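> Sequence:
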Amino acid sequence: MPTDQLSSTFAALADPTRRAILARLADGEAGVSELAEPFEMSLQAVSKHLKVLEQAGLISRGRTRQWRLCRLDATPLAGVADWVGQYRRFWEAGSDRLDEHLQQPRRTGEEHEH
10 MPTDQLSSTF AALADPTRRA ILARLADGEA GVSELAEPFE MSLQAVSKHL KVLEQAGLIS
70 RGRTRQWRLC RLDATPLAGV ADWVGQYRRF WEAGSDRLDE HLQQPRRTGE EHEH
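Per this note's numbering: the sequence shown = residues 10 to 123.
Calculated directly from the structure, the hints in this document are not laboratory data.
Do not take every clue at face value.
Below, computed lysine to any residue pairings styled on SDA-like, alpha-carbon distance capped at 20 Å [what the hints assert, rightly or not]:
#	residue 1	residue 2
1	Lys60	Arg80
2	Lys60	Glu46
3	Lys57	Ser69
4	Lys57	Arg72
5	Lys60	Arg97
6	Lys60	Pro47
7	Lys60	Ala83
8	Lys60	Met50
9	Lys57	Ala102
10	Lys60	Thr26
11	Lys60	Gln113
12	Lys57	Ala29
13	Lys57	Trp100
14	Lys60	Trp76
15	Lys60	Pro85
16	Lys60	Arg72
17	Lys57	Ala45
18	Lys60	Ser17
19	Lys60	Val41
20	Lys60	Thr73
21	Lys57	Gly40
22	Lys57	Tyr96
23	Lys60	Leu86
24	Lys60	Leu15
25	Lys60	Asp13
26	Lys57	Val41
27	Lys57	Arg80
28	Lys60	Phe48
29	Lys57	Ala23
30	Lys60	Thr84
31	Lys60	Asp24
32	Lys57	Glu46
33	Lys60	Pro25
34	Lys57	Ala20
35	Lys57	Arg28
36	Lys57	Thr26
37	Lys60	Ala35
38	Lys57	Ala87
39	Lys57	Asp24
40	Lys57	Asp91
Keep in mind that this is a model prediction, so the values were computed, not measured.
Work out the full structure, taking the sequences as your base and the hints as a guide.
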């Protein structure tokens, strides 16, 4: 059964290592060895994470001379933003109610007695 783009994107983003890799790639292209540096895992394990990101369309890999560089492709994140945006009114409504509550004058026990 084929997986939809949004599900693939969320599955790829579910792992903190993959999110950290994407954060690094937001600064520019990098090779597998460079991406693996901050993690205590083998290059093979990092390559598996890269494969998931690539299958989700979040990165692309190219070859320049002897280097195989990875680069961020944030296009699928637009789908995530659109999906999350549908629920914005719910958290904004909660925020608005909190603002209203905080704007109300505080009542002390003395005010209730009068």
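> Now tell me if each hint is right for this structure.
The hints, checked one at a time:
Restraint check for Lys60 and Arg80: the C-alpha separation of about 13 Å stays at or below 20 Å, so the hint holds. A C-alpha spacing of about 17 Å is found between Lys60 and Glu46, which places the hinted pair at or below 20 Å, so the restraint holds. For the hint pairing Lys57 with Ser69, the CA-to-CA distance comes to about 14 Å; that is within 20 Å, so the pair holds. Distance check on the hinted pair: Lys57 and Arg72 sit about 18 Å apart at the alpha-carbon level, within 20 Å; holds.
Using a Cα cut-off of 20 Å, the hinted pair Lys60 and Arg97 is violated, with the two alpha carbons roughly 32 Å apart. Distance check on the hinted pair: Lys60 and Pro47 sit about 18 Å apart at the alpha-carbon level, within 20 Å; holds. Our distance criterion of 20 Å between C-alpha atoms is met by Lys60 and Ala83, whose separation comes to about 16 Å. Distance hint between Lys60 and Met50 is fulfilled; the C-alpha atoms sit about 15 Å from each other, no more than 20 Å.
A threshold of 20 Å between alpha carbons decides the hint, and for Lys57 with Ala102 the separation of about 41 Å lies outside it, so the pair is violated. Restraint check for Lys60 and Thr26: satisfied, since their Cα atoms lie roughly 13 Å apart, inside the 20 Å limit. In summary, the hint linking Lys60 to Gln113 is not supported, as the alpha carbons are separated by about 53 Å, beyond the 20 Å threshold. About 14 Å separates the Cα atoms of Lys57 and Ala29, which keeps this hinted pair within 20 Å; it holds.
A C-alpha spacing of about 36 Å is found between Lys57 and Trp100, which places the hinted pair above 20 Å, so the restraint is violated. Between Lys60 and Trp76, the direct Cα distance comes to roughly 17 Å. Compliance with the 20 Å bound is thereby established for this hinted pair. With a CA separation close to 15 Å, the supplied pair Lys60 and Pro85 stays within the 20 Å bound. Only pairs whose Cα atoms come within 20 Å are accepted, and Lys60 paired with Arg72 is accepted, the gap being roughly 15 Å.
A hinted pair counts as satisfied when its Cα atoms are at most 20 Å apart, and Lys57 with Ala45 qualifies at roughly 11 Å. Between the alpha carbons of Lys60 and Ser17 the distance comes to roughly 12 Å, so the proposed pair stays at or under 20 Å and holds. In summary, the hint linking Lys60 to Val41 is supported, as the alpha carbons are separated by about 11 Å, within the 20 Å threshold. The hinted pair formed by Lys60 and Thr73 meets the criterion: a straight-line CA distance of about 19 Å does not exceed 20 Å.
Restraint check: the Cα-Cα separation between Lys57 and Gly40 comes to about 14 Å, which is no more than 20 Å; the hinted pair holds. For the proposed pair Lys57 and Tyr96, the alpha carbon gap of about 32 Å is over 20 Å, so the pair is violated. Note on Lys60 and Leu86: the hinted pairing holds, with a Cα-Cα distance of about 17 Å set against a maximum of 20 Å. With a C-alpha separation of about 17 Å, the suggested pairing of Lys60 with Leu15 holds against the 20 Å cut-off.
A hinted pair counts as satisfied when its Cα atoms are at most 20 Å apart, and Lys60 with Asp13 qualifies at roughly 17 Å. With a C-alpha separation of about 11 Å, the suggested pair Lys57 and Val41 falls inside the 20 Å cut-off, and the hint holds. Taking the CA atoms of Lys57 and Arg80, the gap is near 16 Å; set against the 20 Å cutoff, the hint holds. Only pairs whose Cα atoms come within 20 Å are accepted, and Lys60 paired with Phe48 is accepted, the gap being roughly 16 Å.
Taking the CA atoms of Lys57 and Ala23, the gap is near 14 Å; set against the 20 Å cutoff, the hint holds. Among the hinted pairs, Lys60 with Thr84 is consistent with the structure: their alpha-carbon atoms are about 17 Å apart, no more than 20 Å. For the proposed pair Lys60 and Asp24, the alpha carbon gap of about 13 Å is at most 20 Å, so the pair holds. Under the criterion of a C-alpha separation no larger than 20 Å, the hint pairing Lys57 with Glu46 is consistent with the structure, at around 15 Å.
Taking the CA atoms of Lys60 and Pro25, the gap is near 15 Å; set against the 20 Å cutoff, the hint holds. In summary, the hint linking Lys57 to Ala20 is supported, as the alpha carbons are separated by about 14 Å, within the 20 Å threshold. For the given pair, Lys57 sits about 14 Å from Arg28 by alpha-carbon distance, which is consistent with the 20 Å threshold. About 11 Å separates the Cα atoms of Lys57 and Thr26, which keeps this hinted pair within 20 Å; it holds.
Taking the CA atoms of Lys60 and Ala35, the gap is about 17 Å. The hint holds against a cut of 20 Å. A threshold of 20 Å between alpha carbons decides the hint, and for Lys57 with Ala87 the separation of about 24 Å lies outside it, so the pair is violated. For the proposed pair Lys57 and Asp24, the alpha carbon gap of about 12 Å is at most 20 Å, so the pair holds. Restraint check: the Cα-Cα separation between Lys57 and Asp91 comes to about 28 Å, which exceeds 20 Å; the hinted pair is violated.
Of the numbered hints given earlier, the model fails hints 5, 9, 11, 13, 22, 38, 40; all others are met.
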